[in-house]
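Enquirer: Fit chain B to the known structure of chain A by using the hints.
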Amino acid sequence: MASSTSTRRVVLLCCGSFNPITNMHLRMFEIARDYLHRTGKYQVLGGIISPVNDAYGKKDLIESKHRLEMCRLALQTSDWITVDSWECEQNQWHPTMKVLTHHQKAALANYNACKGVQVRGVKRRRQDNDQCTGSQDINYGENNARTSQRLRGRYKPIQLTNMPTLTKTKRCVHSQVDVETTQDQSDSDLQVKLLCGADLLESFAVPGLWADQDVEDIVSKHGIVVITREGSNPQKFVYESDVLYRNSKNIQIVTEWIYNEISSTRIRRALSRNESIRYLVPESVIQYIKTNELYQKDSNKNKSQIFFCFSELLGCCCLCITILPVYKLWHGFVK
Amino acid sequence: MASSTSTRRVVLLCCGSFNPITNMHLRMFEIARDYLHRTGKYQVLGGIISPVNDAYGKKDLIESKHRLEMCRLALQTSDWITVDSWECEQNQWHPTMKVLTHHQKAALANYNACKGVQVRGVKRRRQDNDQCTGSQDVETTQDQSDSDLQVKLLCGADLLESFAVPGLWADQDVEDIVSKHGIVVITREGSNPQKFVYESDVLYRNSKNIQIVTEWIYNEISSTRIRRALSRNESIRYLVPESVIQYIKTNELYQKDSNKNKSQIFFCFSELLGCCCLCITILPVYKLWHGFVK
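So the sequence lines, in the order shown, correspond to chains A and B.
Under our numbering, the first sequence has 14 at position 14, and the numbering climbs by one with no breaks.
Counting the second sequence from 1 gives a position; our numbering is that position plus 1000.
Pulled out of the complex, with its shape left as it was, chain A reads as follows (with noise of 0.2 angstroms):
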C-alpha cells in the first residue's frame, strides 16, 4: 500500500452507454477529481470514458462508433480525460469488473513504462520527442485510415498528467494491450476507481444483477467514486450493504451541488420530439447527431411498425390462400 503521508494515484474509469454523452457525464469527473484533490489523499491523474459493447443489447443503444465518436468531440475541450475503445472492441460484453482489470493493467504499465521502469510484455515504440506508446496496432499519419476497423489509431489514448517526475518532452500514453507486470510493481503505484452516480451504487442489491464476487473485488481493489444529488443518501445504502459496508473506505460519496438530470435517456427523448438540447449536451455533438441523424426514434418506430403490420397483413393471406382449398376438399368430402 502507498505510505500514509503520500497522495495515492488515482484514474478515474466511468463505464456507461454514453448514448449520447452529456454535460452530465462530464461534470462527474470534474466533480469527482475536486473532491478528491480536496481531501489531500488523492492525486487524480487521469480519467477515461469507456462505452459499452453494442453486445450488450440495451434497447436504443447506437452502434459504438457513433458514442465513441460523440465521445471524442465532446473531450476535445479537456486536457485530461480521454474515450478509449477497447471495451467496445472486443467481441462480446464484458461486466465492469474486467474492464477495470484491463484498465488497471494497463495505467500501471503506462505509468510505469513512463517512470522507466522495465515491464515485460509491453511493447514500446519511441517517437521524436520521446513518447512511450504500448499498442502495437495503433497506427498513426497516413495509416489511420486502414485501421477504422480497429480503432485504437482513432481514438486519443490516455494522457497522464500531473506527472512530476516526468520532463516536458516525455509524455505517457495508454496502453491498450494486455501486459503482464513484474511482480515488484503493484497497484500501490496507481488505482483505477470507478466513477458512477448512485444508481449504480443501488444497482449492486438488483438480484442476479452483479456477480456477488464482483462487486466484492470492485470495492476492495479499486474502490468507487460516487456522484451524488443534494438530499440523496447512498451512505444509508452502503450501511444496509454487508460488503459495502466492510470497504466503505473505499468508496468515496460526493455531493453534486450544482445538480442537473441530464440524462441521455431525456436527452434521446427531446431528439425524438424534434426539441433542442443546446447547453445539455456539447455544440460539437449536437452537429454530430444532425449530420448523421441519430436518436430519430419516432420515424424509424414508425417505419418499423408500417413495415410489421405489412407482414402480418401478408401472412395473413397467404394463410387463406393455404387453407381454403383443403376446407373446400374437406367441405367436399363430408358432403
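Just so you know, the hints here were simulated from the structure itself, not pulled from any lab data.
Each residue gets a CB set at the ideal place from its N, CA and C atoms; glycine is no exception.
Fair warning: there could be bad hints in the mix.
So the derived list for chain B, only partly shown, Cβ under 10 angstroms to chain A, looks like this [said to hold, decoys possible]:
hint	residue
1	Asn1023
2	Met1024
3	Glu1189
4	Pro1193
5	Val1202
6	Arg1205
7	Thr1214
8	Trp1216
9	Asn1219
10	Ser1222
11	Glu1234
12	Arg1237
13	Tyr1238
14	Leu1239
15	Lys1249
16	Pro1284
Expert: For chain B alone, coordinates are given in the frame of chain A:
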C-alpha cells in the same frame, strides 16, 4: 389583436444579474421557444438577454462591462438570442416594466422597419445582409400596434413568486407586465406555480398571458453556486460556456475569498487604529479629571 387564426409574434426578454451567465439561463430560452411553438399559437422571432444596471447594487454584482461581455461570448453560438446593453447604459436602475416597455417599442420598430413600414423617429442602420438593429429609444406611429409583435418576460418560478413579496414590486407594474406583455415561466418538475397564480388576484385575472413551462431536464446551475465554486477554486466546466470560463480566468473574476480576506484585514486594522486614537484622546482628559477630583 392578432386574428385568432394567425400565430402571435413574440420576442422573449430575460432580465437578471447574469453574474455570470450560465447554461441554465441559455436553456430557458430554448425550452420557452420549443414550448411556444408547440402550442401552435406563437412564433418566436428572437430572444434578448438584458443584464441589470450596476446601480441595482446587488451584493457581489460585478461591473456590467464584464457581464455584458460574458453574455456576448456565451451567445456566439446562438443564431436567435442576443445581449442588449440598454439597461446597463442608463444612468440609474430601472424597474422591469420600464425595460419591457423600451424593448417592446424597439422590437416593434425594428420589426416594422424590416417589413418596410415607415416608423417616425426610428433610427435604422442597414447592414450588408440587411439586418435591422433597434436598441435606441423610438416612437411608433399610431397605426402600428402591439398586435404585430409582443415582448414577453421570460423568467423562473422564483420571479413569479417574488410578485407576492410586499413592497418588492409596484402593484401597477405587476398588472402591466402580465396584461400588456405576458410572462413565460420556466419551472421544475414537481413544482406548482399554478397554485401561486391561483392565489393571486392579478395573476389569476391574466392567467391566459402566463405560460408555465416545465423543464424536465432540470438543472440547478445558478449564478450563486457558480460564484461559490469559483471562489473555492472548483471546476465549473460544462455548467458555463467554455468561452465564459476563459474570460473569467483571464480577468480573474469572482475571486471572492482573497478579496474578502483583504477587506477583513483592512477592517481589523482600522478598528485597532480607531481604538488607539480613542485612548490617546481620553487619557489626558481622565488624568485632568482625576487631578481635579483629588
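Enquirer: Hint by hint, note whether the structure agrees.
Expert: Here is what the structure says about each hint:
Satisfaction of the interface hint for Asn1023 (chain B) is found here, the shortest Cβ-Cβ separation to chain A being roughly 4 angstroms, below the 10 angstroms cut-off. Because the smallest distance between the Cβ of Met1024 (chain B) and any Cβ of chain A comes to about 8 angstroms, under 10 angstroms, the interface hint for this residue holds. At about 8 angstroms, the closest approach between the beta carbon of Glu1189 (chain B) and any beta carbon in chain A falls short of 10 angstroms, and the interface hint on this residue holds. Restraint check, Pro1193 (chain B) versus chain A: the minimum CB separation of about 19 angstroms is more than 10 angstroms; hint violated.
A least Cβ separation of about 32 angstroms between Val1202 (chain B) and chain A goes past the 10 angstroms threshold, and the interface hint is therefore violated. At about 31 angstroms, the closest approach between the beta carbon of Arg1205 (chain B) and any beta carbon in chain A exceeds 10 angstroms, and the interface hint on this residue is violated. Annotation: interface hint on Thr1214 (chain B) violated; nearest CB of chain A at approximately 12 angstroms, more than 10 angstroms. Hint status for Trp1216 (chain B) relative to chain A: holds, with the closest Cβ pair at about 6 angstroms, below 10 angstroms.
The closest approach between the C-beta of Asn1219 (chain B) and any C-beta of chain A is roughly 4 angstroms, which is under the 10 angstroms cut-off, so the hint is satisfied. Residue-level restraint check for Ser1222 (chain B) holds (minimum Cβ-Cβ distance to chain A is 8 angstroms; threshold 10 angstroms). For Glu1234 (chain B), the suggested interface contact is upheld, since its CB lies about 5 angstroms from the closest CB of chain A, less than 10 angstroms. The criterion of a C-beta within 10 angstroms of any C-beta in chain A is met by Arg1237 (chain B), whose closest approach is roughly 5 angstroms, and the hint holds.
At its closest, the beta carbon of Tyr1238 (chain B) sits 4 angstroms from a beta carbon of chain A; the interface hint therefore holds under the 10 angstroms criterion. With its C-beta approaching chain A no nearer than about 6 angstroms, Leu1239 (chain B) sits inside the 10 angstroms limit, and its interface hint holds. Checking Lys1249 (chain B) against chain A by beta carbon gives a least distance of about 14 angstroms; that is not within 10 angstroms, so the hint is violated. Annotation: interface hint on Pro1284 (chain B) violated; nearest CB of chain A at approximately 55 angstroms, more than 10 angstroms.
Comparing the model with each numbered hint stated earlier shows that hints 4, 5, 6, 7, 15, 16 do not hold.
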